[in-house]
Amino acid sequence: MMFYPFLIEVLQILIILAVAPVFAGWVKMLKCWSQGRTSPGLFQPYRDIVKLFSKDVVLAENASWIFRGTPYLVFGVVVLSGGIVPMLSVDLPLAATADVIALVALFAIARFFTALAGMDIGTAFGGMGSSREMTIASLAEPAMLMAIFTVSLASKSTSLSQMVQVVYSGQAVLRPSLAFALLAFILIALAETGRIPVDNPATHLELTMIHEAMILEYSGRHLALIEWAGMMKLFLFVMLGIAVFSPWGIAASGDLAAIPRAFLFMILKLGAVGAGLVLIETGLAKMRLFRLTEFLGSAFLLATLGMLSYFILE
Amino acid sequence: MNTNLAAQINSFLAAMILLTAFGMLVQRRMYGLIHLFAWQGLFLSVSTAVVGFVAGAHHLYISSILTLSLKVILLPYILHVLIQRLKIHKEVETIVNVPMTMLIGIALVVFSYHLTAPVRELSTLITRSTLAVALATVMLGLLMMITRKHAVTQIIGFLAMENGLFFAATSATYGMPLVVELGVALDILIAAFIFGIFFFQIHTTFDSLDIDQMARLKEED
Amino acid sequence: MPLLILLSVPLFAAIVLAFIGDRKYAPEINILGSAATFAAGISLALEVYVEGPMLAGGKFFFVDAFNVYLAVLTSFVSMTTAIFSRRYMRKERQDGHVGPIRMRFYHAMFQLFIFAMLLCLLTNNVGVLWIAMELATLSTVLLVSLYRTPSAIEAAWKYFILCGVGIALALFGTVLLYFAAEKVLGAGGEALLWTNLSQVSGKLEPTVLSLAFVFLMVGYGTKVGLVPVHNWLPDAHSEGPTPISAVLSGLLLNVALYALVRCKVLVDGSTGTHHAGDIMMGFGLLSIIVAAFSLLRQKDIKRMFAYSSIEHMGIATFAFGLGGPIATFGALLHMLVHSLTKSAIFFTVGHASQMHWTQEMDRIKGLIKGNPLVGWGLMFGVMAIVGMPPFGVFTSEFLILTATMKDAPLLTPFLLLGFGVAFAALFRRVQPMVTGPVPSYQRPLKAAHIPVMLHMALVLVIGIYMPDFLNRWFHTAVELLK
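Chains as they are written, first to last, in my numbering: chain A, -17 to 296; chain B, 526 to 746; chain C, 34 to 515.
Certain hints may be false.
[What the hints assert, rightly or not] Within a straight-line C-alpha distance of at most 30 Å, the following computed BS3-like cross-link-like pairs (lysine-lysine) qualify:
hint	chain 1	residue 1	chain 2	residue 2
1	A	LYS268	A	LYS13
2	B	LYS674	C	LYS332
3	A	LYS268	B	LYS612
It is worth saying that the hints were derived from the structure and are not from the lab.
Make the full structure from the sequences, and use the hints.
Now the structure itself:
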């Protein structure tokens, strides 16, 4: 069917736009419950975004085009990334054009421009946040690539839909390489999306901020777009992990009727991962900044171990 | 269970053993080290039991129980008591920083993989692929002994080496003859008592277990 | 059964002395036990001499010319050391360096150590060889730290860790050896018996055995004290009580070398190349050179002679590696005479340091005038150990040199360099110690004269006229080691 891939693609983009804030709300809700507070509700992120869109933008006088353009760029890039990661079906048209390396590159573009925007105005906190973010990125990116390569060793391809296909069709096999890659991926996801123990997303203290510090100066619709992009990035990382390491329930190629079932499975898995994320965040404390090298070094180590164990043990 | 499933479980346990070896390499806290060592011993004894079940080598059950009682229960307990008595609660200093240690560790894993290639080609056992992991565990234990500056971690590194050696015996040959394994276990037990006594001696004389203190015996120029 | 007596007497003595080791007659019991062991060793040697190699204990023990000679040597030196230890430790007790509990521990561990070494020598099972070697190490570790000074504890710790690591690597080599053996001999205890292994050594897989030999070389080589894994030796041999230094230097190094040579025979049979021998030659030569030059820098007398042990073990390893009848004969002879001479030296050194309250060579002077036995004993001992004729060491070194000139002529200068530097270094140090006036702080003591005189006499006799039975004994051993 000609329009099936097109339909899947459109569905995915809609899902990432709509469900990402709900996922962020779900995580926030669970966190509040676990800490004995009343949560602001599952759909509060929607309300926050709408509120921000209606507000005025306050720009510094020396803001350049980088500062003004970054929110749109970041938003666009993240939505584009959403079109590459298989969520509902194995068959994804854009996946043929962009593999996982392109995905990492897309995230890098977003991060690059956010870092520049942080330094653009010339505030001290912005520069600090940018430098910290780039430190984390320089360590996390190789680790992420190594983890993905470990999975691609088994599937003999770096195309995401191919990887998902191979893991989906294989039996429930105890593969040490995948186990290591999963552990590494969890650590990297925590670093890239700026969660505890790497960065506290709810902090108000500027000196402890990493990601927040870069976007301190944003307001109005710019901030709305960046916040939305942030939620979508978290959603994407979770979906990437689910798709690559536990894709069961996903619709096979060309199977239109299985889409609603795939959607249901996706929601269930998201709920479980959200709970796991809250467990990690509540259980651990934020690490000191210079321990980050060890943390990400461990992630790189685990990914390399996964690759080595593929050759040694399999 | 059939051979294939057993081989997979064994590979998985081997990966876990390697993971705990690396974990011990980067772990700073004393109690964390002991727990990781106990976990390593547990994976080792389960692996031995699995191999014994699938290969029909019943003396491996005895080895597995021996490992369990010695390395998972007795030795960690002794270490625990020693640490409490000697009031060592600090973190451990390392000579090289942690990421560098991890990189060296990875290099050692690759090296041991190449080193055991001739054995792997000749072996007909289901466990042949895990010999590289066993040698890597020995090397990582050695690395741990070299890069840490504390007497307790040196001993734990030594015991981790013994774990790797035991694992090598089961990987290469379905375990050494029982008399040898009993003898090795006895030696380890005696070594455990000796290092227990040692810690007290060191602590009494030097007031700390930092290896840096013990550097007097050198040639003077 | 002399074998049974040989092994059970030290074990029994260890248990007995653990309880009564601090009594006045404990040293005498120690001597008695060692003498009984020696007598059993002699009778076992006579059996083997007459009847040839024999298996015992259901193939668990194997006695041939090679190990029975070492067993006799071990029991002999331990007997004379026990005699020396009687006077020496009595002085140490008077000075307050050891208390009653430590005396019991010392005596018990001494006998346990003898047991472990004899077990190591006489067992047929390569795995049990390892176990006994480890037991020998463990029994002496706490003896090195007997005096509880900071340097003693440091030395014992280094000994424990470095030898532990070495022995662990040797275990890996043993596992690989078993792996190769299992293919040919089947699983189970049979595959670890040396007699079986040497028969089928041609069928064992060469690649695996080469790999195993590397690990065994590093592992047992650490125990022999080969450079570069020798760091524990100077410390351990200088910090423990002198009787322990004597048996460590004189006996344990020999036993470790024995283990190494047994493995080398298997590897040679399997690979057919001179690969293993080359490795041994390399390590041996390195040890000779490094130890000889290190002798120049020493200030502590026992440390200096510990380095001399490293050098001589290097010579023996080199000779075993070279192979061939002359070199092997020389190596066997060298093990014997070095053991006798070095322990005699340590006996005199022990008394010398007791007389001067210190082990520093700058403070030890006027030994001949102060105590002629100690002075002349040290003088002759050093003359012997540097290879001066007519002592036995000259014979063995000459044989090894001849073999080197024949088989590996390019290496002869290195050997000569090592011999020469050691000669100069030792004489330079010993000369001021034995000659000159007696310093004021020297105190007289009753030295143990029997051990020193006996050892030196034996070394002299062997040097001047090698007894026929010894000659034939060595030739039989050389045949076995082809």
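Could you work out which earlier hints the structure fails to respect and list their numbers in ascending sequence?
Those not satisfied: there are none.
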